[in-house]
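Visitor: Residues in the sequence shown are numbered consecutively from 1, following the numbering used here.
Quick caveat, the hints were computed from the structure, so don't treat them as lab data. Among the hints, erroneous ones may be present.
[Said to hold, decoys possible] Now the in silico label distances, taken between C-beta atoms and shown as ranges: (1) Pro213 - Asn289: 36 to 44 angstroms; (2) Asp66 - His168: 30 to 38 angstroms; (3) Glu247 - Lys314: 27 to 35 angstroms; (4) Ser111 - Met199: 38 to 46 angstroms; (5) Glu254 - His168: 37 to 45 angstroms; (6) Glu3 - Asp107: 40 to 48 angstroms; (7) Ala204 - Glu254: 42 to 50 angstroms.
Just so we're clear, the structure is a prediction, and the values are computed from it rather than from any experiment. Beta carbons are placed, not taken as given, at the ideal position from N, Cα and C, and that holds for glycine.
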Amino acid sequence: MRESFQLLHPALQKWIYKQGWEDLRDIQKEAIRPILARDSDLVICAPTAGGKTEAAFLPAITAIADESSSFGILYISPLKALINDQFRRLEDLCDMLDIKVTPWHGDISQSKKKNAKRDPEGILLITPESLEARLIRESGWVRAAFEPLKYVIIDEYHAFLGTERGRHLHSLIYRLEALLNRSNIPIPRVALSATLGNMDDVLANLRSGIPFPRKLITGTGQSPLRMQIKGYLNCNPMERESPTDREIAADIYELLRGDTNLIFANSRQRTEHFSVMLSDLCEEHQVPNEFFTHHGSLSKELRTSLESRLKKQKLPTTAVCTMTLELGIDIGKVKSVAQVTAP
1 MRESFQLLHP
11 ALQKWIYKQG
21 WEDLRDIQKE
31 AIRPILARDS
41 DLVICAPTAG
51 GKTEAAFLPA
61 ITAIADESSS
71 FGILYISPLK
81 ALINDQFRRL
91 EDLCDMLDIK
101 VTPWHGDISQ
111 SKKKNAKRDP
121 EGILLITPES
131 LEARLIRESG
141 WVRAAFEPLK
151 YVIIDEYHAF
161 LGTERGRHLH
171 SLIYRLEALL
181 NRSNIPIPRV
191 ALSATLGNMD
201 DVLANLRSGI
211 PFPRKLITGT
221 GQSPLRMQIK
231 GYLNCNPMER
241 ESPTDREIAA
251 DIYELLRGDT
261 NLIFANSRQR
271 TEHFSVMLSD
281 LCEEHQVPNE
291 FFTHHGSLSK
301 ELRTSLESRL
311 KKQKLPTTAV
321 CTMTLELGID
331 IGKVKSVAQV
341 TAP
């Protein structure tokens with residue numbers, strides 16, 4: 001740990017000791033030098049909770065620690081909920097260096113956005129859609145606010161691969177580099193990804209058009225998983241609440257009640273449908289409800305309240321959700337994950 005550790009900012013070294021870490025993880029040690037060098041793109045690949053966030057941000061924050069004007073790190077996330085989660089984590093990490101962390105998406109108040117426009121500095125956490133809006137409406141501000149930008153960090157990069165949104169994201173980053181006159185002096189991209197079958201394709205997809213070195217760091221530590229698959233015969237698929245749905249809800253109730261779990265139901269309508277059925281079963285059995293809905297159309301207060309309850313681990317809690325809780329959000333330990341119908 002010592003050699004890589006000494007390259008980090010002294011305040012971050014103190015933060016690491018404060019966490020009680022005996023050592024950095026392998027991917028965290030391996031990422032320090034290439035990120036500080038800023039002469040290559042990097043894909044950091046590890047399972048959920050494998051230390052990817054710290055692997056990217058510890059050296060990146062070290063690189064911007066002595067700069068007080070404009071944004072030094074642009075963090076792009078596919079989900080607002082993930083931005084909120086990373087904001088909580090990074091705020092504590094950056095507090096020791098007095099580095100500002102700014103979340104930016106549709107749920108953030110206009111007053112906070114105005115403050116960020118007036119005084120851009122530190123780290124900006126944003127979705128691709130919000131970044132595009134800034135490029136279209138406020139290109140002059142973007143040019144000034146991002147002029148010294150050192151890194152673009154893309155979280156849950158695997159969720160963008162092979163999708164229209166992923167192609168859109170690459171277009172946005174190219175537009176940003178062109179606006180900043182950085183097309184020939186690229187801004188290093190650091191992509192955080194789950195483990196996939198062919199990581200060489202992931203690496204190749206990170207940048208095209210100009211020659212720029214690319215490196216891959218792969219973490220280990222996967223745990224064995226146990227899987228159960230159940231099939232159901234749907235006698236009347238035209239019914240709004242079919243016997244099959246009731247049977248599925250009863251099985252989920254029997255299997256998952258009493259622990260912390262996630263249930264993915266593909267659509268908001270199906271999410272609410274199964275959440276209501278499971279809550280009704282709790283009422284029927286005269287036990288406290290522990291099944292709650294989570295999707296992007298709910299109010300910010302409802303979403304954050306459920307995320308907080310999951311993270312505190314004090315009460316049995318199952319979130320019936322869409323992909324809003326799928327991508328790397330820190331909600332503590334989860335015993336089981338259920339998928340209703342094919343994803």
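Visitor: None of the hints should be skipped; say for each whether it holds.
Guide: Now for the hints, and whether the structure bears them out:
1. Pro213 - Asn289: 36 to 44 angstroms: violated (53 angstroms)
2. Asp66 - His168: 30 to 38 angstroms: holds (34 angstroms)
3. Glu247 - Lys314: 27 to 35 angstroms: Because 31 angstroms falls inside the window, the suggested range holds.
4. Ser111 - Met199: 38 to 46 angstroms: Once the Cβ atoms are compared, 42 angstroms apart, the range 38 to 46 angstroms for Met199 and Ser111 holds.
5. Glu254 - His168: 37 to 45 angstroms: holds (43 angstroms)
6. Glu3 - Asp107: 40 to 48 angstroms: holds (42 angstroms)
7. Ala204 - Glu254: 42 to 50 angstroms: At roughly 46 angstroms between Cβ atoms, Glu254 and Ala204 fall inside 42 to 50 angstroms, so the hint holds.
When each numbered hint is compared with the structure, a violation occurs for hint 1 only.
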